[in-house]
Each structure stands twice: as C-alpha cells, then as structure tokens.
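S.K.: Put together the whole structure using the sequences plus the hints.
4 protein chains.
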Amino acid sequence: MIGGGRGAFIGAVHRLAAVMDGKAELVAGAFSADPARSHASGADLFVDPARVYGSYAEMAGAEAGMPADKRLDFVIIVTPNHQHFPPARLFLEKGFNVVLDKPATFNLREARKLRRIVRKSGKVLVLTHNYTGNVMVKQARQLVRRGGLGAIRKVVVEYSQGWLHGYLEGTGQKQAAWRTDPRRSGAAGCIGDIGTHAENLARYITGLPIDSLCADLTVFVPGRKLDDDGNILLRFKGGAKGVLHASQICSGEENNLNIRIYGTKAGLEWHQEHPNELIVKYPDQPRQVFRRGNGYLWAQARKFTRVPSGHPEGYLEAFGNIYCEAFRAIAAEVAGKPLPPDLDYPTIDDGVIGMAFIEAAVKSARLGAKWVKLPKL
Amino acid sequence: MIGGGRGAFIGAVHRLAAVMDGKAELVAGAFSADPARSHASGADLFVDPARVYGSYAEMAGAEAGMPADKRLDFVIIVTPNHQHFPPARLFLEKGFNVVLDKPATFNLREARKLRRIVRKSGKVLVLTHNYTGNVMVKQARQLVRRGGLGAIRKVVVEYSQGWLHGYLEGTGQKQAAWRTDPRRSGAAGCIGDIGTHAENLARYITGLPIDSLCADLTVFVPGRKLDDDGNILLRFKGGAKGVLHASQICSGEENNLNIRIYGTKAGLEWHQEHPNELIVKYPDQPRQVFRRGNGYLWAQARKFTRVPSGHPEGYLEAFGNIYCEAFRAIAAEVAGKPLPPDLDYPTIDDGVIGMAFIEAAVKSARLGAKWVKLPKL
Amino acid sequence: MIGGGRGAFIGAVHRLAAVMDGKAELVAGAFSADPARSHASGADLFVDPARVYGSYAEMAGAEAGMPADKRLDFVIIVTPNHQHFPPARLFLEKGFNVVLDKPATFNLREARKLRRIVRKSGKVLVLTHNYTGNVMVKQARQLVRRGGLGAIRKVVVEYSQGWLHGYLEGTGQKQAAWRTDPRRSGAAGCIGDIGTHAENLARYITGLPIDSLCADLTVFVPGRKLDDDGNILLRFKGGAKGVLHASQICSGEENNLNIRIYGTKAGLEWHQEHPNELIVKYPDQPRQVFRRGNGYLWAQARKFTRVPSGHPEGYLEAFGNIYCEAFRAIAAEVAGKPLPPDLDYPTIDDGVIGMAFIEAAVKSARLGAKWVKLPKL
Amino acid sequence: MIGGGRGAFIGAVHRLAAVMDGKAELVAGAFSADPARSHASGADLFVDPARVYGSYAEMAGAEAGMPADKRLDFVIIVTPNHQHFPPARLFLEKGFNVVLDKPATFNLREARKLRRIVRKSGKVLVLTHNYTGNVMVKQARQLVRRGGLGAIRKVVVEYSQGWLHGYLEGTGQKQAAWRTDPRRSGAAGCIGDIGTHAENLARYITGLPIDSLCADLTVFVPGRKLDDDGNILLRFKGGAKGVLHASQICSGEENNLNIRIYGTKAGLEWHQEHPNELIVKYPDQPRQVFRRGNGYLWAQARKFTRVPSGHPEGYLEAFGNIYCEAFRAIAAEVAGKPLPPDLDYPTIDDGVIGMAFIEAAVKSARLGAKWVKLPKL
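Residue numbers (our numbering), protein chains in the order written: chain P, 1174 to 1550; chain D, 1174 to 1550; chain Z, 1174 to 1550; chain U, 1174 to 1550.
Treat the hints with caution; some may be incorrect.
Identical copies look the same in the list; a pair holds intra-copy or inter-copy alike.
Stated by the list, open to error - Straight-line C-alpha distance at most 20 Å; calculated DMTMM-like pairs for lysine to aspartate or glutamate:
#, residue 1, residue 2
1, 1476, 1217
2, 1546, 1506
3, 1476, 1457
4, 1267, 1457
5, 1296, 1498
6, 1267, 1231
7, 1296, 1506
Just so you know, these hints were derived from the structure itself, not from any lab. Please read all numbers here as calculations on a predicted model, not as lab measurements.
M.R.: In structure tokens:
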C-alpha cells in the first residue's frame, strides 16, 4: 500500500475492503511521504518492519527484487491526487498490478499518459469508483441494458455532503487540507472529489457518455481555494439530458449520493445511504422495490451477495465488491492467464473520462458557466 | 367560477378547497366557453340555472347587477392560461375580488398589466400557488426567516411528473391538449405548468429572488410543441446558487415536488408527496423531523391545522389553506375594512415574478441555454 | 348533528367530511347537552337558530314534524359513547337515517338492541369506522379477497398514540375527560376508543372474525380509571393468528395505526400516517408499492379518488369516503328505492362485533389475561 | 472453528466478522461432523491441512498440545444447537476461550451447566447475539440508561422472516433442515432461532428482565415439527408490558427485526434493515433521528465506527463489533491480565436467560398460551 498512514481515511477503507473476503493480506507499504510516519503506521498495521518503506520509490525498488513466493500481487495507491500518477507509473513499469484510488490522476494529461502506460504494461489497473460495487447499482445497470427503462431521457444524479460547510482546512484536519489544496487535489475540489463519483455512477448504469456540460461551480466558504459546490447541466450523446449536482457545503448531509434515471418506459431510483434497495417506477403499474440478496436479481448483481436478504450490506461490502473483481483479474494476470471476459470494475478508461469530465466542468465554470464539449478521448 | 366544467381538473379542486371549511358556496358560473357545456356543468354542480352563463362576459354583466345580498364575494378563474387575463381584468373592473389559477397570465406583459389593474381596482387577487398552503412549508419559511438555517447557500427544487411521457395530447385528453398547445398555454409547457410552482415554492420559503438563470428546456415527446422537461441553473440575488428541474416525462413519477435548502447552519427538506413532515438536518446534532399538527410548530404554521397530528392532511387541505387566507382578505374587502396585515397567500406580484421566470427560462433555452438575467419588475 | 359543539373534536371532522363533496349541508343540531352551549355552537356554525336545539329529544320532536322539503335526510351522532344509543334509537324510531360515531354503543347489550331497532326501522345506520374509508385499505381488501395473499396466516395490527401519556384528564381537557371516564366511555378506555378501529380494520381487510383473544390491558397513568394500553393475542376463525396492540401512552406516537397481513403467498403492509401507499411483499419477486390514484387499482378502490396520484389524500378524504357511501344509501332510502348492492361502509353489524370485541378484551384482562371466546352474535 | 463447513450459513458470517478488522486469522477447524466434508471445507478456506480435523474432539486434543506460539487464542462454535454444549465444554476445559453462536445450548439445563463451566474455567465465552453489535442499538441502550425515555412502560419487539413460509426442509435445504428438527434445534423452532434475538435485543436496550410471558406458538406449515410463528405477551419486572412476535412464515419479510420502546418521556424506534438510524419520538418536540458515525453519539456507540456517517454499515459490521469486544477480552485473558471493566458483549449469563425465555415460551404454548413465570436463574 502506498499512502494510507495515520490520519488518512480512504487507506483504512481499502484495507478493510481488500481483506474482508480473506483473499488478500497486507504485507508491505510506504504509508506516508514522511518515513517516520510510514514506519509508525506500518507498526500499527502489523506489517513486517522490513517491508515498510520511507517512500514509494524505495518500496518499488525493494519489492521488485523479491523472490516469486514473496512478491506482491498488486499495490494499492491511496495518496492524494497529485501523488497518483508517479507511483502508479513506477509500479506498473516494475511489473506490478495496481489498485488506484479515484480520481485517476492530477489532471487529464496525466490520465491519458497513464492509460498508455497501463496498456503497454499489460498489467491490471483497477480504479476504485467504489459506488459501482453496490449490488443494486449492478441490478440497475442490468435493468437499463436489458431495456427495462426503454430509451433513456433524463438522468438526475446528486452527491451532497456537508462536512466542508465551514473552514475545516483551517483547523489542520488532514482530509480537508489536501482536498482543498489545488497543488494536491488538482483543478477541482468538490467536483473532483465526489462529482466524479456521480459522473461515474451515471455512466456505469446508463452507458451514456456526456457530450457537453454547463457547470456552475462555487467556492462558498471564505478562504477556500477550490470549489465546494457545483451544479451542472448535462447533455448526453444520443439526446438524453441531465443534472449533476455535488456539494460539500450542504449542512447536515452526510454522504447523500443518489441517482434517478428516466426512460420512455420506466424510471429508477437508488440511494447510497439506503443501498440495499432499488426502486423502479412505472407509469401504469405498481412501483417495484428490488432488494439485495434475493433470487430474483440478475446474476450480475446476485453473485456479489455475502449475506442473505434483509441483512444489510453497506459501504465496505460495496467497496469489497470492487476488490472481488479486481482479484479475479489480478489472479489471472499473476497466473499468466487471459483476463476473464466479464470483469466488472472501473479501469483507467473510466479514469480518463472522469478527468475529462473534471476539466470540462472547471473550464465551463471559468467561462462563467458556458457549455463545453467533452474532448475526444 | 369561470371555467372548470366537465373534463376539467383544477376546477374541481378549487371547488373542494373553497368549500371545505364551510365558508363559501358555489352560486354562479360560466363553466365553459361552450354555452351548452357550461349549462350541463352547472347542472352537475347544482348551481341555479339562472346563474349559469354561456360566457364569462355574460356572467360579469349579469352578476354585477345583482343586489347586495346575492352579490358574489369573489370569482374563481380556472380557465387555460390564455383565458386568465381577459376575465380577471373584466371581473376586477366590475368590482369583484378574484381567485386566479396559476400561472398568472399568458405572458409577462399581461401579468404586468394585470398588476396595474389589481392595484387600481383595490380588489383582492389571490393566485393559487397552492403548494405554499402546506403547513410544513409555512414552518419551513419561518425556520428560514428566523435564521434557523443561517445564511442560505443552496436551493435544490424539483417538480417531476410522468403523465406526459407519451403523446397524450394525441388522444384528445383535455388536460394534455391545452397544456401542450402554445396558443393556450403560452411560451412554455412544463416550465409554465409546474416549473413555476417550483420557483414559487423556493421563493416563498427562502425569500430570495432569482438574479439570473440558465435553462435547458427539451421537448422529448415527438410531435409535442412545448417543452416537457427543463433543467435550470439558478443564481439568486445575494449569492445563493440553485438547481430547479421540472419534468412531465419522468415515467413513473406522479407529483414529485420537493425542495431542499441549505444554509450555513443547517439544511431542510420537504416532499409534497409526504407533506406532513419537514426534515431539518444539522452538521452536529441529530436530524429533526417536524410534523404537522404539533404544538411545537410556530403559530404561522400551527394555525392552519384542521385535524390532530398523525391524521394526515394532504393536497386539498393545503389548497384549502390558500382559500382560508383568501377569505380573510375577501371578508375584509367586502366589509370595507382594511386587509389584515399578516395575510399569507400568493398575489399578483408573485404572478408577475412567475411570468418573468417563465420568459427568462424560455429565452435562455432559445439561446441554447445561456445565462439570462431576470428583468426589473 | 347531535353533539359536536365547542371543544369537541370528532364533530368538526364529521362536518368537514360530510360536506367536502358538496353533497350535504348542516341545517340543524343539538350540539351540546348544555342548551346555551348548543346555541352558541350553532351560531358558530351558521345554523339557523330556529333549528338549533337544547337537547336531542327536543330536536327529534321538532324535526320529525318538518315538511318534506325541509326534512333532514339523516342525523349525525357524535356524542360520547354513553350518549350513542339513546339518540340513535330515538331518531331511527322517528324515521331518520343515522350516521353514528364509533364505538357503536356503551356496551354490547345496547349494540344488540340497536341492531334490532335498525333492522326494524328499515333506516340506514352508518358507523364511522373511518379508516376503512382509505383508498389503499380498500385496495388491500380486494387483494385479500381475490386471493393475492393466499390463505391468511397472520395479522399484526397496531394503533399507538401518545397523547394520554400524562394525566391529561386532570387538566380538564374535554377529549381526555370523557374518554377516561367509565360512566361516559364504557368498560374500556384505549381498547374501546382506538382498539376497535384496529379490530375493524383487520376484519374489513381480511374478512376474518376473531374466535378468541387474550388481552393484557394496563392502566399506566396514575389516577386513570380505564386502560390506556392493551396488548392482545388473537386467534381467528379458520386458524389464522394475530397480535393487536393499542396504546395511548406511547410517548411521541401521534396516530400510528398500521396493519400487516401475511398469507401463504404474500404479505401486505399499510400505515395510516402514510395512507396513499400499500406495500405488498412477495417471497420471490420484488416488492410492489401500490399508490392511490392510479389506473391500475381495482375499481372498488379507484372510484373514491378525488385528486390525481401523487396529490396526497389524507384523513379527511378517507372519512369523506365513508360519507360518499353513506350518501348513496341515504339517497336511495330517501327516494324509497332499494339500497345499492355494493355499498361499502360499516354498519351496526360491525358495531355489534366491535362491542363484543371490547367486552371480550375487558373480560380477558379482568381474568388476568386469559383466553376468552367471542360470543355468538 | 467448529462447524461452518460447506453449506453452512452462519460460519461464513463469523469468519467475515472475525477477520474484518485484521485482528484474527482462521488457522484450524473441525468444519463438519463428516471428516471428508471437514477437510474439503478446510481446503476451501486455505487452512493448513494439518490443522483441519475430522471432529471437534480430535481438534481439541491436538490443539491443546500446540506450542504457545501456535496455540489458538479462541475457538468459534457454529454448529447446530445440539452441538453447542459438548464442544464448548470441551474447549473451555482444555483452556480455550470460546465464541459461541446463539442460542447458547440445546436447553436450559445445559445452559446452566455451561455457565458453571465457564465460571470455573476462568475463560472468556462470548455469545453472538450479534444484533446488539449495532452502533445505533448501543446508542439506544445509552439513551435508556441515561433516562432519556423516562421510566419504561412498553416494549414492542418483532423479528419477522418469510423464508420458511413453505416446507423448505422437505427440499433438503440444510439451514431449514436442522432448524426445524427437534433433535438438533431443541424444543423451539422460530422462537429459539430468532425469538431469542428479539428477547436479547429488548433486554440489552432496556435492561429489564421478563417476569412472565404468555406465548401462542404455531406450526403453520404442514409437516413441520417446530413452531414457525410465535406471538408473546410480556410482563417485565417493574411493571413494563410488552409484545414480542417472531415468525418465519411472514411471506415477503426478509429479516425484519425491529424494536420500539416507550417511556414516560419519549419513545425510540430502531429497524435492523435500516440499522444506521435511531428514531426518538417526543410528545412535545420534533422527532430526532440519530445517525451512525456522528460526533454527537455517546462514546459507547461512537467507538465502534469504521467509516464516516452516511457510509452505511450493516450486518457484518455489527457482527464484527461483537468480535471487537470479544477480542478485547480474549487479548486480556491470553495476556493474563484482568478483563477490561467496560466489555460490551453477550455472555453465558445472557445465554442462560435466553434459554429460560425459550423454555418458558414453549411451556406457555403447551399449556394453551397461559401465563408462565420465568424461573430464578
């Protein structure tokens, strides 16, 4: 693991998600750019001190030389955004598979470059847009793909949080500090941090790429340098329209990611905070509530079930589902076999699209919320 | 009553709402532009045939000559939009108070003109933006006014329906026919019909006028002439931002009007389909659910209660609450007394703002969803 | 109207419900046993002072002599329970149709007697178990009758309130005072006041009579004379089992009446506080949410709709639906025609069963919560 | 691990819950009474074949002889009920700490005996009444203990499932087979399997022991030998009353465990299927919704948080919370230190009470649902 030391948030989540099914073990890490902190964190995590490193470069060098039976199957990169590309590149080039936290990179240019490196390396890169790991999101995707909604006309996707409603970065809180710092987070704040999850979720379910967007991004909290709120009009290729709004200043919201998709035949609704249900609405028949863990779900959704219906699975399990698929790919790669054809996880291609989305949104906002077309990717 | 004959929808609602508290009685009407239909409708409604008219003009003439003890206290106008201004003007000028369905008029020019007529007449004009009659909406307004949310930063307001997801007007359905006809409905379809309710609701609660907007309006259903879907970015005077989206093609949605408002201290949420609750979310304390009918509500909300808490009130009761306030004003006017200072109903001023909103949205959309400033009113 | 004067609750509800569809008008009343209060109440209600009476007996005498064109079509009795039987008997015997608030009478003996009187009179008696007027309750009943749940196995019905969690009767609050007074309320408090609604609701939907019950009734509030809480095990004829619990000391509950019914094929769930939805749960397919106002409902439910789907109807509308059916019967009776065969309102037969339920519960409780069989009725 | 081989359900849950925080590892097991199946299961689970055993007795013998550095810290027993006591006794007597699935034993006699053995052994025994591991259940307990509800008057606790609505045991389904078999499950079916969870949950939150109960247990599915449904009236020591109903034939229910508790000041409500929220209802102020992961929770609840608020935790995390506390105890025991004073997990004392509850319920039912006092324990 690269990053994820003391004071980090997402690193701990990755560790829980990666090991929950007993298919992986944490054996090495460069947990902080500060060697002392890295070592202290490694000790917290019961990692053999010999495999705790002061920097990712040191780790890449040392681990690349490990004998086959001790060699890492993959590395997890959970550093702030500006430190995604350098270690991802290095480990891929050293022959390691990589699990990379989102957004893919610091900017679109890096993402395109990373895509080339991944392709050249032949290694697996999994981008943890974790919300697509939710079982009912997978059911939703199948529903759309099988024509259950008819032709898609409208998408409303939202990701509202409230934790940055005040100037939290001024208190030294580590999560707030890097996320609001343009040198570490990139050109966008809220839209990069969580708006990309919303974009990814909408695209995962509908399969529709955004053609153009019009983004009104705002910095509400005095002293903050990056957007903490964004309202975006979307036009999808093929004619569907949409709204994407994300915020970190919605006082009292916790992690309110939700999506509604309307087609010519029906509409669907899913809420991350109540992830075990998928609501489908029809013009002429009763609403249907699909629930996780039931035999009537499609195989693509059903197969991720850990516990029976009515036993709620949550955020970690969804995150773990990304790892389930990652492990299928990594196991094949490590064994020198072709990757399974039905893998279901976000890739560097999603990362490139996500970065293009962020850059288009920032560009639109800088123009005063004018329409901007997404580039060819 | 003008309009509201056989096949109409909102006329029946007005009748229920106006009489529910036993304070009004239907005694005369020109229920249709078709005299035969008007008379048949009058008979359905047990109105004295002598006071059923073939046209509103005929009615205005005859009723203006009634002796004091039979004279109408007010007329209700529930015709399609293009037939709002002419009867409203006529009855006001003949000295009648008027209850007028929304949107105020066919276009902004008419609305401004009507405002002048109302002012000159000294009569009461009540515009039935009925959703502001909901008790918990009134509580929400008080909460904002008393600073419970802090300074407002973001408003998300939605009004989604699905009933026009197909080409219903092609079947001759009367409601669909006039609402999708530019000659009767005006420049806007969905945005005029229900988008204005959303605008009005947001303004009623927050008190914030819209400074400018960027509207992407769409006609999804082939053959339709007016927008059936609209996504609008909002900038309010004072710096708040917002999203307003309305649709009549959201398959499976019924009457999904809802609003969320976020301030520096807290956020609130209200859903028209579950109108007896108001949810308030805080960054640092448990959520609060305020429920209709309880003693802890502020007087401005509490006073509208008909039945105890836990006995759900709904759409008609909220509509009736607009009439409660209308009757307070009309009773004063009829008695020649000054209007009470605390009246709480939508007026022609709201109508002018609503029409300006519609025109700005249409203009923005025609420019390809560019930002348009709302005019001075 | 008999009863329903100043300070009363249910009288006002009856008035709203009876007039909401414009099919009835309040023209006479003995609104209180106190003549002065009766007259003051009549004035509040705009009733012709000549038809406001100091007692129900006076009213019965005077109104029975009215000419045909002024004669009352029916009387509404909304007095405390001990004053149900005497006026009901008198008005029936004088040839009036009667709408009677629940529970039917002071005790079972009176109820049986009233049943004989009704039968003999040939008049209509409607008992306002108003919750069965809810549209989705009617849909539920149809669902059960058409076999949608399979054979019924289990019923869980609850009616929880909190308004009597303290010694409210000690403050002189009128509603609390008579409901907790054995001389006015009868042998039961909570179980008579609201437990009967629960019993009636369960029987209305399932059609199953209770065979025997085991009731643990409690007086929680010191100084109170009648039960304010009851938990009852039910055994239905045919083998279904059930739980009925009702309370008026559930602090924070408002009017939480809800029911679940499980059969061999599916289960259903309905909540009075969210009355526009009916949830049906299946072992092997997605849940279905039926919503008021939609074309897919069965005719028996659909016909009561006042406003379109998504426009919530509530307590008053459901109450009004009882009156809709009452009026169909009364209109026929007044016209000397046979009653329509498909009338759907609670009758004196329901009242007799309700009183038997109350007496069995009280008897069981007095025996220390032993099983008691319901009598032949 | 004892039990939990191929085809088992709860064994897998224990494994996930035990390892999720990286504090335990599965190293040995007797996964089935069938040695071949045990070995196959061990291989599935990557357990060293040398430490996979053909029986728990063989395992106890071999593992007791392991050197200190390989010695098991604890064993998990997840066999059917009739195989709880023998291995628990054996491993305790061999000096191992034990995590035991509920209900504690086959009958009350065994439970009392096991209690003596635990006490004598000085070892830790953790009984996995997992639902008390939910964070919001812990908050609820604190709320009651701190007097937030006032004096408790009423408890309504339910555990409804539908998976046994048909004769599933007839298909050979392993879970159904043993749970409906009196020789493996004990004297009770549904009440033992899930009714005990309800009893435990109510007692955990309120601290109130049951004084006496009246249980109507039913076998609904033809051919079944043990109750699949139970409705129970409860009287708690101190005067509170309650209803406990549990079922496995509620078609369409999944895992609907929920509880409501009402006191003189307020009421609370919690639903296992939406575990991240705790609703508190007041007679005179807005409802409060407490949500997992927030700083305003009491320390006893807050400390179990894995991910931030709004990131739903579910069944496995709650189960894992039992293990968190178990590990604190086991770590102390292994280190020879005194157990921490604030341990929060179910013990053999809870097991004894649970078995007494089951036996009282079965006895009451056999008497025809008469009141039965719980024995001194």
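S.K.: Hint by hint, say whether it matches the structure.
M.R.: Right, here's what the structure says about each hint:
Taking the shortest Cα distances, residue 1476 and residue 1217 sit within 20 Å of each other only across copies (18 Å), while inside one copy they are farther apart (34 Å). For the homomeric pair residue 1546 and residue 1506, neither the shortest alpha-carbon distance inside one copy (37 Å) nor that between copies (57 Å) is at most 20 Å. For a Cα distance limit of 20 Å, the shortest separation of residue 1476 from residue 1457 across copies, 17 Å, qualifies, whereas the shortest one inside one copy, 31 Å, does not. Neither within a single protomer nor between protomers do residue 1267 and residue 1457 lie at most 20 Å apart by alpha-carbon distance, with minima of 57 Å and 47 Å respectively.
Proximity of residue 1296 and residue 1498 under a CA criterion of 20 Å is satisfied intra-copy only: 15 Å inside one chain copy versus 41 Å between copies. For a Cα distance limit of 20 Å, the shortest separation of residue 1267 from residue 1231 inside one copy, 12 Å, qualifies, whereas the shortest one across copies, 48 Å, does not. Taking the closest pair of Cα atoms, residue 1296 and residue 1506 come within 20 Å of each other only inside a single copy of the chain (7 Å); across copies the shortest separation is 46 Å, beyond that limit.
When held up to the earlier numbered hints, the structure conflicts with 2 and 4 and fits the remainder.
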